[in-house]
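Student: Chains as they are written, first to last, in the numbering used here: chain X, 2 to 391; chain C, 2 to 391.
Quick caveat, the hints were computed from the structure, so don't treat them as lab data.
Check before you lean on any hint, since a few could be wrong.
A pair counts as met if it fits within one copy or between any two copies, since identical chains are not told apart.
To be verified - Here are the computed lysine-lysine pairs in the DSSO-like style, where the Cα-Cα straight-line distance is at most 30 Å:
no., residue 1, residue 2
1, K44, K12
2, K48, K12
3, K287, K44
4, K12, K55
5, K12, K261
6, K338, K164
7, K222, K338
8, K340, K222
9, K222, K55
10, K338, K48
11, K340, K261
12, K164, K261
13, K261, K287
14, K12, K164
15, K287, K164
16, K44, K338
17, K55, K287
18, K340, K164
Take a look at the letters that make up each chain.
2 protein chains.
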Amino acid sequence: MGYAPRGLAEKRYLMTPGPTPVPPQVLAAMALPIVHHRSPDFKPTYKRCLERLKEVYRTDGDVLLYTASGTAGLESVVANLTSPGDRVVVVSAGYFGERWAQIAETYGCDLDHIRYEWGEAPSADDLAARLAELGGASAVLVTQSETSTGVVADVRALAAAAKDAGSLVGVDAISSLGAIPCETDEWGLDSVVSGSQKALMSPPGLATVSVSAAAWEHGAKATAPRFYLDWERTRNAQEQLDAAFTPAVSIVIGLNIALKLILERGLDATFEEHVRLGRACREGVKAMGLELFSPDDDSSAVVTTVRVPDPVDGTQLLLDLRDRFGITLAPGQGPLKGKVFRIGHIGFFDVFDITTALAGIELSLAEAGADIERGVAVTRALETYEHQPA
Amino acid sequence: MGYAPRGLAEKRYLMTPGPTPVPPQVLAAMALPIVHHRSPDFKPTYKRCLERLKEVYRTDGDVLLYTASGTAGLESVVANLTSPGDRVVVVSAGYFGERWAQIAETYGCDLDHIRYEWGEAPSADDLAARLAELGGASAVLVTQSETSTGVVADVRALAAAAKDAGSLVGVDAISSLGAIPCETDEWGLDSVVSGSQKALMSPPGLATVSVSAAAWEHGAKATAPRFYLDWERTRNAQEQLDAAFTPAVSIVIGLNIALKLILERGLDATFEEHVRLGRACREGVKAMGLELFSPDDDSSAVVTTVRVPDPVDGTQLLLDLRDRFGITLAPGQGPLKGKVFRIGHIGFFDVFDITTALAGIELSLAEAGADIERGVAVTRALETYEHQPA
Numbered sequence: 002m003g004y005a006p007r008g009l010a011e012k013r014y015l016m017t018p019g020p021t022p023v024p025p026q027v028l029a030a031m032a033l034p035i036v037h038h039r040s041p042d043f044k045p046t047y048k049r050c051l052e053r054l055k056e057v058y059r060t061d062g063d064v065l066l067y068t069a070s071g072t073a074g075l076e077s078v079v080a081n082l083t084s085p086g087d088r089v090v091v092v093s094a095g096y097f098g099e100r101w102a103q104i105a106e107t108y109g110c111d112l113d114h115i116r117y118e119w120g121e122a123p124s125a126d127d128l129a130a131r132l133a134e135l136g137g138a139s140a141v142l143v144t145q146s147e148t149s150t151g152v153v154a155d156v157r158a159l160a161a162a163a164k165d166a167g168s169l170v171g172v173d174a175i176s177s178l179g180a181i182p183c184e185t186d187e188w189g190l191d192s193v194v195s196g197s198q199k200a201l202m203s204p205p206g207l208a209t210v211s212v213s214a215a216a217w218e219h220g221a222k223a224t225a226p227r228f229y230l231d232w233e234r235t236r237n238a239q240e241q242l243d244a245a246f247t248p249a250v251s252i253v254i255g256l257n258i259a260l261k262l263i264l265e266r267g268l269d270a271t272f273e274e275h276v277r278l279g280r281a282c283r284e285g286v287k288a289m290g291l292e293l294f295s296p297d298d299d300s301s302a303v304v305t306t307v308r309v310p311d312p313v314d315g316t317q318l319l320l321d322l323r324d325r326f327g328i329t330l331a332p333g334q335g336p337l338k339g340k341v342f343r344i345g346h347i348g349f350f351d352v353f354d355i356t357t358a359l360a361g362i363e364l365s366l367a368e369a370g371a372d373i374e375r376g377v378a379v380t381r382a383l384e385t386y387e388h389q390p391a
Numbered sequence: 002m003g004y005a006p007r008g009l010a011e012k013r014y015l016m017t018p019g020p021t022p023v024p025p026q027v028l029a030a031m032a033l034p035i036v037h038h039r040s041p042d043f044k045p046t047y048k049r050c051l052e053r054l055k056e057v058y059r060t061d062g063d064v065l066l067y068t069a070s071g072t073a074g075l076e077s078v079v080a081n082l083t084s085p086g087d088r089v090v091v092v093s094a095g096y097f098g099e100r101w102a103q104i105a106e107t108y109g110c111d112l113d114h115i116r117y118e119w120g121e122a123p124s125a126d127d128l129a130a131r132l133a134e135l136g137g138a139s140a141v142l143v144t145q146s147e148t149s150t151g152v153v154a155d156v157r158a159l160a161a162a163a164k165d166a167g168s169l170v171g172v173d174a175i176s177s178l179g180a181i182p183c184e185t186d187e188w189g190l191d192s193v194v195s196g197s198q199k200a201l202m203s204p205p206g207l208a209t210v211s212v213s214a215a216a217w218e219h220g221a222k223a224t225a226p227r228f229y230l231d232w233e234r235t236r237n238a239q240e241q242l243d244a245a246f247t248p249a250v251s252i253v254i255g256l257n258i259a260l261k262l263i264l265e266r267g268l269d270a271t272f273e274e275h276v277r278l279g280r281a282c283r284e285g286v287k288a289m290g291l292e293l294f295s296p297d298d299d300s301s302a303v304v305t306t307v308r309v310p311d312p313v314d315g316t317q318l319l320l321d322l323r324d325r326f327g328i329t330l331a332p333g334q335g336p337l338k339g340k341v342f343r344i345g346h347i348g349f350f351d352v353f354d355i356t357t358a359l360a361g362i363e364l365s366l367a368e369a370g371a372d373i374e375r376g377v378a379v380t381r382a383l384e385t386y387e388h389q390p391a
């Protein structure tokens, strides 16, 4: 079916921070015959899926569902909340933070960009100071998990600073929603964007966008043109259990099952599991003598970013892992290209995925001439996973 | 899995003009484990899919692939080809033609709307006259198959009139591409939009958009804001066999298989099959004494629209067919609500789907007190399909 090119290993280990592996129950549902989106074969599933999304978002407000990549969800925030000339502050520290800025510029916002080095963690104090200097801003756009570096920002603190200055808060939680706590209502987040293909362990194709009461109020005045991504059009349809446009029914059916699995385990238990997987990964990586690029603390629960050791070529390392072992890791992006590699550990992922990654990395690095400790990483990772680290 | 609500018939007959039934090979591929879109597990499939799309479009130009509903494809035409204030002529004769007009208005175009009654066929002479009156227009937007009425417009003639006046031509071919001839290059169509879930017999979730050389040239000057739907961003990625944003990999893999099936049978043979299915449907409908709303000629190869006979309630008829027999037809929309029903016959559809629809309709109508001829529709449909009509 055009799926397995010749010459590659048969089994696949997808360990990128998106797309992520999808549980077999979800995959099986993808193969069900197509049903009409306005039929009783679909509507109860759609209803449950929308309800479950609210639970995962921890919001009583609206969560809108779009057939699109996550980036379209980000664009919907700018298109529905801003008018040309509005002052918008973007806080960025990597590839995806930059995307917020690009979108805001595309829409003619008066962009104020607080730009950190890749790998730095944004500071709420910096944001508060800048907002005070500016005399406020219409909206502040932040990234919870900067997938390009592995750094998780303190969105609660950033949001509080924005709120204090009277700004609306848009959050890119594409790789973080369902992996780590994102308290939409409690933290006062006005619009949180996520995607089906990350911690929500579904195939790519759906973007989700929460909208607070304040965002609705502000959005009614926004003049940027938008049709497909217009929030109101989608809300009006969803209130009738309809979709404004034919949705990707297969993926909605899959997502509904994945959300059920997540909520059955419990959101807090799921967050704890991601913390433990992050710990196991970091301890294993360090045990073989590698240096972490992402922070060595429990905030690193989404993706672990590791420096490529001398004399290894980072690009070649990932090709070797992929072509010999079927292990797909994520490369460094932008200024980190070739300098780091990234191990995603969100969604349908367990500790033996971590040990598989570590075992493969260990072998490839050793063969490439890196001076690393052999035979300890897997054991250390498992021990860390089972017991709290010292 | 939340798929089959209790109390409905077990087997399903999806006979709407979208979503349409999907071949089992395509469904099976949807259940394959998720692969990374930048990996060799995906790229050869992606490449073939893009090549096959060009064959189906009959173009040597670009065909862009978006993870989105078809409407986003329509919006991309307006967003990439127009600037606020540009004169745009929309030719509409139903629900989907109206959508072109709504999008053009949303983007601040100087809209000139040639609006026909629902069920009428647009005339190229009317368009030519209006363009002459206006002294031209930046773009003309037309609908090939108006799914809400079953009327297929003569896009070749409309495009010729637009070209004569120096306008770019955007075509909504969402329900027609792959069902009936749409000669993108030969007819000089600047942008043709389609979707995965119609005649391309794949799950909903992908929109396709062709872009001519003239459209690229004009688009470079367009000032409407767009990020996700920006044509150039997607073309630049596709030229590297990349996607600008994580695509719905499962649906791309499915679409690639569906396109292979279509091209193996041959595009012309596929068009001929749709003509024969349309004939069979019309002759069967007429044989039981019903009146057609869509034209009684071979242009009606996408959807057959039938008037609901007295004393039957059109809404109740469709509920009866759905809940008792699992047959899903499409209702009338807008001014046709309750007055007509629509039988889609595109994509993975054969003559026994037609006879199933006819048999179900015959029984439901008779029980609802309609004065119809019994026992002739199925035979007439099959005979018509096998032999040319008299």
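Student: State for each hint whether it applies.
Tutor: Against the structure, the hints come out as follows:
no., hint, in the structure
1, K44 <-> K12, "between (36 Å within a copy, 18 Å between copies)"
2, K48 <-> K12, "between (36 Å within a copy, 23 Å between copies)"
3, K287 <-> K44, "neither (49 Å within a copy, 34 Å between copies)"
4, K12 <-> K55, "neither (35 Å within a copy, 33 Å between copies)"
5, K12 <-> K261, "both (27 Å within a copy, 26 Å between copies)"
6, K338 <-> K164, "neither (36 Å within a copy, 48 Å between copies)"
7, K222 <-> K338, "neither (41 Å within a copy, 34 Å between copies)"
8, K340 <-> K222, "neither (45 Å within a copy, 39 Å between copies)"
9, K222 <-> K55, "within (25 Å within a copy, 41 Å between copies)"
10, K338 <-> K48, "between (42 Å within a copy, 25 Å between copies)"
11, K340 <-> K261, "neither (38 Å within a copy, 41 Å between copies)"
12, K164 <-> K261, "neither (33 Å within a copy, 54 Å between copies)"
13, K261 <-> K287, "neither (35 Å within a copy, 49 Å between copies)"
14, K12 <-> K164, "neither (48 Å within a copy, 53 Å between copies)"
15, K287 <-> K164, "neither (39 Å within a copy, 66 Å between copies)"
16, K44 <-> K338, "between (45 Å within a copy, 21 Å between copies)"
17, K55 <-> K287, "neither (38 Å within a copy, 50 Å between copies)"
18, K340 <-> K164, "neither (37 Å within a copy, 53 Å between copies)"
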